[in-house]
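J.: Model the placement of chain V with the ligands on the given structure of chain H, informed by the hints.
Protein chains in written order, with our numbering: chain H, 1 to 395; chain V, 1 to 269.
Some clues are possibly wrong.
[Unchecked claim] In silico PhoX-like links for lysine-lysine, alpha-carbon gap of 25 angstroms or less:
{"#": "1", "chain 1": "H", "residue 1": "Lys207", "chain 2": "V", "residue 2": "Lys134"}
{"#": "2", "chain 1": "V", "residue 1": "Lys183", "chain 2": "H", "residue 2": "Lys298"}
{"#": "3", "chain 1": "V", "residue 1": "Lys200", "chain 2": "V", "residue 2": "Lys159"}
[To be verified] The following residues of chain H were derived to be distant from chain V, with all beta-carbon distances above 10 angstroms:
{"#": "4", "residue": "Leu33"}
{"#": "5", "residue": "Gly37"}
{"#": "6", "residue": "Leu41"}
{"#": "7", "residue": "Thr45"}
{"#": "8", "residue": "Trp120"}
{"#": "9", "residue": "Phe147"}
{"#": "10", "residue": "Pro154"}
{"#": "11", "residue": "Gln158"}
{"#": "12", "residue": "Pro240"}
{"#": "13", "residue": "Trp243"}
{"#": "14", "residue": "Glu295"}
{"#": "15", "residue": "Ile302"}
Simulated from the structure, these hints should not be mistaken for lab results. This one's a predicted model, so the numbers in the text were calculated from it and none came from an experiment. By construction, the Cβ of each residue, glycine as well, lies at the ideal position given by its N, Cα and C atoms.
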Amino acid sequence: MKKQTVDSRPAGPKPWYDPRIRSIFFQFIAIALVFWGGWTLVDNTLSNMESRGISTGFGFLDETAGFGIIMSLVPYDATMTYGRTFLVGLMNTLLVSAMGIVAATILGFIIGVARLSSNWLVAKLALVYIEVIRNIPLLLQIFFWYFAVLGSLPSPRQSVEVADSFFLNNRGLYLPEPMPQEGFGLVWGAVIAAIVVVIGLRAWAKKRQLATGQIFPTFKVGVAILVILPTVGYLAAGAPLEWEFPALKGFNFGGGITIIPELAALWIALSLYTASFIAEIVRSGILSVSKGQTEAAKALGIPNSLTLRLVVIPQAMRVIIPPLTSQYLNLTKNSSLATAIGYPDLVAVFMGTTLNQTGQAVEVVAITMAVYLTISLAISLFMNIYNRAAAIKER
Amino acid sequence: MGTIMTEQTQATDPKKPVPSQTENKPDIIRVEGMNKWYGDFHVLKDLNLNVRQGERIVICGPSGSGKSTFIRCINRLEEHQQGKIIVDNIELTDDIRNIDTVRREVGMVFQHFNLFPHLTVLENCCLSPIWVRKTPRKAAEEAAMEYLERVKIPDQANKFPGQLSGGQQQRVAIARALCMKPKIMLFDEPTSALDPEMIKEVLDVMIELAGSGMTMICVTHEMGFAKTVADRVIFMDGGEIVEEAPPHEFFTNPQEPRTQKFLEQILQH
Ligand SMILES: Nc1ncnc2c1ncn2[C@@H]1O[C@H](COP(=O)(O)OP(=O)(O)O)[C@@H](O)[C@H]1O
Ligand SMILES: [Mg+2]
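Looking at chain H on its own, in the form it has when it is part of the complex:
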């Protein structure tokens, strides 16, 4: 084997000049350094904690928490465990992040397109929005919405109300809560049926277009089916839905759905702030598609709306996606500013109260960091998959 190599080509470089061997060698050194550093850190911490008598391990997660949380998506009260507080905080973080990502994306795309509008006023308004919002620190904006705007709403007794069912005051926004009654399953069934029908319709319309060239108004008909089928199901089942209306009980409202001002302020601030960055990303993405592309489409007789959909957006997306991903990650991480106004997110509930009460800093910080890392990696992975699908092949 060795002999063959020597025969077939001139003697290779000395091992320490061979780029492959070099790269393996340096990677090995790097890994060794990382492990050595990590081990030293863990070992030091453990022995320090031992000498101070701090308990270690994750046993505290089963202990009773004993503190209340103002908002939780899962049932929670003070008699539950620290494990439960972790879940409540995590869900609250995911909620505000998801709401923020959706709102910031929609708003960012609208403002980004508005920035390119040929209407002078619209373009300048978008520009002013972007420049103002992204240059003010996020924490300040959260405070602004929480204290200046939402804090100055009237007290519960003087609530702004709409139709006796929506109430807005400095304790939050109160909405009627739908309470499905017996037989509501039929409505869910109808919704699922409608979705299946629309998917089938899309496939059929596409097939028909390939075969005959006729274009079916899939979007309009699809929306109609999605509305009509569940409505029919709802009426057929005898309208099995009741609403629980919020009502003033003593000094505050009870019943219905409550959106607490902490959530609203955080959500608004995160969305507006991130939207200003997304708008710039969208603008540069669209500008990255050369004018020649739209001209070529025009010259082929393709109308503007189709040009946007078939030519501009697919090309702009591959420029937009990577920085958009990092904005999503930023928004999720920025949601930890919740602590500043007392929104019970993961950092406030778990790294705040739970850590203070248990003193198990290493475990709590490690869990929290692992959670943010997991969320970030999940978003990145998802966006990478999308981007791979949208990539353009060159040489």
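T.: Here is chain V with the ligands on its own, set in the frame of chain H:
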């Protein structure tokens, strides 16, 4: 691939297409007293031009003389402010329906190809037939393959534009325009972004197209091409049509001093 191509194109040396007999054909393009300004800048000055069906026009002139602007007015990529442009009996006005109809009948080939980089060659060719002409996919693909064969690159159909050479990309661009079965083809310096060795393969395709009776308006400085296919050569300078003549007269006996000077400059090289 590349070597086979060049052998082919060299083997079938382009024969001069029969002069187009268009004397009694109707006008398909009429430009009457057309003026255009960019702000204060008077870019096109009182242009008049009638093109008969099947005629082949070459436009030349120094850079910045308004050649591109002129032919881009014919499919309304640019708006004119005064005068009339009538294409295939449809006057170009602000009416969006007229513009769309005209654009469907007029194909255009650009200096920088402007292929859609996110679509394959075949998809580039089928996009407009499918979405605008509402041709069934299969029929559109079959037609596209025919045109790709005509421009001699059927084997590249499933590649992306970025994987092709400049000459191949320009031939795809010609095929893409032809897939809409246009009545008129506009070319805006189709070979000036190409390496010298690729110019011929594109010109051969254009000469073949001229032979098929297509109405063509070409902005080009390829004087050999003009001599071979043009029925008329138009010389533009400073936004005006300075001179208009059949190629033989144009090249041997130019009347205007500006034309003489231009021809001297480009023929020196
Ligand atoms: N969008 C525009 N705005 C202002 N001036 C323009 C624009 N496009 C072209 N021009 C000017 O119009 C003149 C004619 O341009 P063009 O038609 O591209 O010339 P050619 O194709 O003959 O080189 C040039 O002086 C150019 O600078
Ligand atoms: Mg030009």
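J.: None of the hints should be skipped; say for each whether it holds.
T.: Going down the list of hints, with the structure as the test:
1. The straight-line distance between the Cα atoms of H:Lys207 and V:Lys134 is roughly 13 angstroms, inside the 25 angstroms bound, and the hint therefore holds.
2. Straight-line distance between C-alpha atoms of V:Lys183 and H:Lys298 comes to about 16 angstroms, which keeps the hinted pair within the 25 angstroms bound.
3. Using a Cα cut-off of 25 angstroms, the hinted pair V:Lys200 and V:Lys159 holds, with the two alpha carbons roughly 22 angstroms apart.
4. With a cut of 10 angstroms on Cβ distances, H:Leu33 stays outside the contact zone with chain V, its closest approach being about 41 angstroms.
5. Separation of H:Gly37 from chain V is adequate, the least Cβ-Cβ distance of about 44 angstroms exceeding the 10 angstroms criterion.
6. Every Cβ of chain V is farther than 10 angstroms from the Cβ of H:Leu41; the closest lies at roughly 47 angstroms, confirming the non-interface assignment.
7. At the 10 angstroms boundary, the C-beta of H:Thr45 stays outside the reach of chain V, the nearest C-beta of that chain being 52 angstroms off.
8. The beta carbon of H:Trp120 is kept farther than 10 angstroms from every beta carbon of chain V, the shortest such distance being approximately 16 angstroms.
9. Against the 10 angstroms criterion, H:Phe147 stays outside the reach of chain V, whose nearest CB is about 48 angstroms from its own CB.
10. Look at H:Pro154: its CB is around 51 angstroms from the nearest CB on chain V, clear of 10 angstroms, so calling it non-interface holds up.
11. With a closest Cβ-Cβ approach of about 54 angstroms to chain V, H:Gln158 is found to remain outside the 10 angstroms limit, as its non-interface label requires.
12. H:Pro240, annotated as away from the interface, keeps every beta carbon of chain V farther than 10 angstroms; the closest lies near 45 angstroms.
13. The claim that H:Trp243 lies off the interface holds: its Cβ sits roughly 46 angstroms from the closest Cβ of chain V, which is beyond the 10 angstroms cut-off.
14. Its beta-carbon lying about 6 angstroms from the closest one in chain V, H:Glu295 breaks the requirement of being farther than 10 angstroms from that chain.
15. Not every CB of chain V is more than 10 angstroms from the CB of H:Ile302 (nearest about 6 angstroms), against its label as outside the interface.
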